[in-house]
Amino acid sequence: MRDTRFAQFAIFVNSAVPLTLLTWDWYHHHLGANPTEFATRTTGVLALLFLILSLAVTPLRKALGLPWMIKFRRLLGLYGFFYGCVHLLTYVWFDKFFGFAAIGEDIVKRPYITIGMASLVMMVPLALTSTQKSIKRLGGKRWNLLHRLAYVAAIGGVIHYYMLVKADTREPILFGVAVAVLLVYRLINKFAPRFTQRTPSRAQR
Amino acid sequence: MLIKNPEDIKSSEITDKDLYYNRRMFLRGAVLAGGAVATGYIYRFFTSHDEQSQAGEKIADVQTTPQTAVPAINEKPTSYEDFTHYNNFYEFSTDKLEVAGKANKFVTRPWTVAVEGLVQKPQVFDIDDLVKISPPEERIYRHRCVERWSMIVPWVGFPLSKLLDQVQPLSQAKYVAFETLADPKQMPNIRSDVLDWPYVEGLRLDEALHPLTILATGAYGESLPPQNGAPLKLVVPWKYGFKGLKSIVRIKLVEQQPPTTWNIAGPDEYGFYSNVNPNRDHPRWSQKVERRIGEFGVRDTLMFNGYGDQVAQLYAGMDLIKNF
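Sequence lines, in order, name chains A and B. For the record, in the first sequence the residue sitting at position 71 is 153 according to my numbering, with numbers rising by one throughout. For the record, in the second sequence the residue sitting at position 105 is 176 according to my numbering, with numbers rising by one throughout.
Simulated from the structure, these hints should not be mistaken for laboratory data. It is possible that part of the hints are untrue.
Stated by the list, open to error - Capping the alpha-carbon separation at 16 Å, the derived lysine to aspartate or glutamate pairs in EDC-like fashion look like this:
#1 A:Lys191 to B:Glu340
#2 B:Lys176 to B:Glu122
#3 A:Lys248 to B:Glu340
To be verified - Partial selection, computed: residues in chain A whose CB lies under 10 Å from chain B:
#4 Phe91
#5 Val95
#6 Pro100
#7 Leu103
#8 Asn116
#9 Glu119
#10 Phe179
#11 Pro193
#12 Ile241
#13 Met245
To be verified - Below, a sample of chain A positions facing chain B; criterion: calculated Cβ distance under 10 Å:
#14 Phe88
#15 Ser97
#16 Asp107
#17 Phe182
#18 Ala184
#19 Leu246
#20 Asp250
Even glycine gets a Cβ: it sits at the ideal position worked out from N, Cα and C.
Could you build the full structure based on these sequences and the hints that come with them?
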């Protein structure tokens, strides 16, 4: 297998660029009239984006025949979780100022917050079991089953976004289409793998 | 392909180990830096906006002591920059930060406003005549958006009742219906179907005649820039901001309660009255608090946006949770 450490490092650095610029702009008062709204919206979109990127790794590496790309999946998924946590923090801190009664009320009464919160909570076990060690401890089959939750979290994230916008649903729908394409790929891969493999796998021969 | 045997390679041809690693380090550094810059550009591409804005023209002889009693607000007005670069005007864009740039070329002259329906003297006003109906007054109002943010705006305008006096509503007239321009040539987002265009709004006649209800032609002592509703915007300070429609082309006196755009888009979320009411949650968020633009924290939302003493009697005996 090719040495991917540098590529991983490059992805690590690049993935941090949006947060760096966001912090920089915030510090210099360049986030517009409502910095909290901007930061919450941007980190939310980034969480969803990285989650979808991590889910796109497997289809891409199979389509391109580049097995070593799998090394990027964990990193991208963890960044999705990380941006999700920053997203939550901007809401808990700058929107609710740690008013846990109001947050509790939101979680119970506002379905889009319930769903968003559930999607992020779902990613906690995924982040905790993202190490090689965990794969060994759980066994590949069980680990894979658990990590299908990433799809549930992505769908939840899209619904959360869709329910939050007032009238312009174009962006959440775009994210929804991306998740749908990845899901359809998975289904084809499961039931008709000859369409998704670039070269037939040796095991099947 | 020519593959040399190790013995064939002269020792002088072999790149020095330090040089090899230096070159590799340099290349990797360049890849990292270039990648980060490219990512930064992508981020900027998706998050930055054209910030140009039409300059307003100074309005002469603005009366700073209004003819009607307006409750004083002892707060600094929101910055002009925020007022002009954080706008909901869906005909241009659904992104509040993007409206100013998209509306930059909007043409507001010539402009006519038709005032019609159940009136004795229907009339089409040229905007330059309309603004002369009554002297411009400064009205410093709280502005509360249904999205939980608020501003303090020094509007310039005159009471809507002065315009209605000119056309003389008939006794059957019970409501006033308003309409915003819908020009796909000038308003790029009209081609999307995010809302039903043209944008329409309405008031009960007694609300329309209330002395706090004004037609704004300016703000901050200057004519309104397009993103804020030039050349004519309705301002009803005790209602959520979306009731105050922008760039008005038609005002019609009617007998039945007229349809309103956001109510059509979300009947359980946006009612006909849409009075600011901290006790009536938006289904998706609480309306108890708001963020004043320019402030870090949040503050309590006031019933009728703090204008209860002036307007509460309009709704005596009405259930304002049901009639939201």
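Verification of the hints:
no.	hint	in the structure
1	A:Lys191 to B:Glu340	holds, 14 Å
2	B:Lys176 to B:Glu122	holds, 12 Å
3	A:Lys248 to B:Glu340	holds, 10 Å
4	Phe91	holds, 8 Å
5	Val95	holds, 6 Å
6	Pro100	holds, 5 Å
7	Leu103	holds, 5 Å
8	Asn116	holds, 6 Å
9	Glu119	holds, 8 Å
10	Phe179	holds, 7 Å
11	Pro193	holds, 8 Å
12	Ile241	violated, 13 Å
13	Met245	holds, 7 Å
14	Phe88	holds, 6 Å
15	Ser97	holds, 8 Å
16	Asp107	holds, 8 Å
17	Phe182	violated, 14 Å
18	Ala184	holds, 7 Å
19	Leu246	holds, 7 Å
20	Asp250	holds, 4 Å
Of the numbered hints given earlier, the model fails hints 12 and 17; all others are met.
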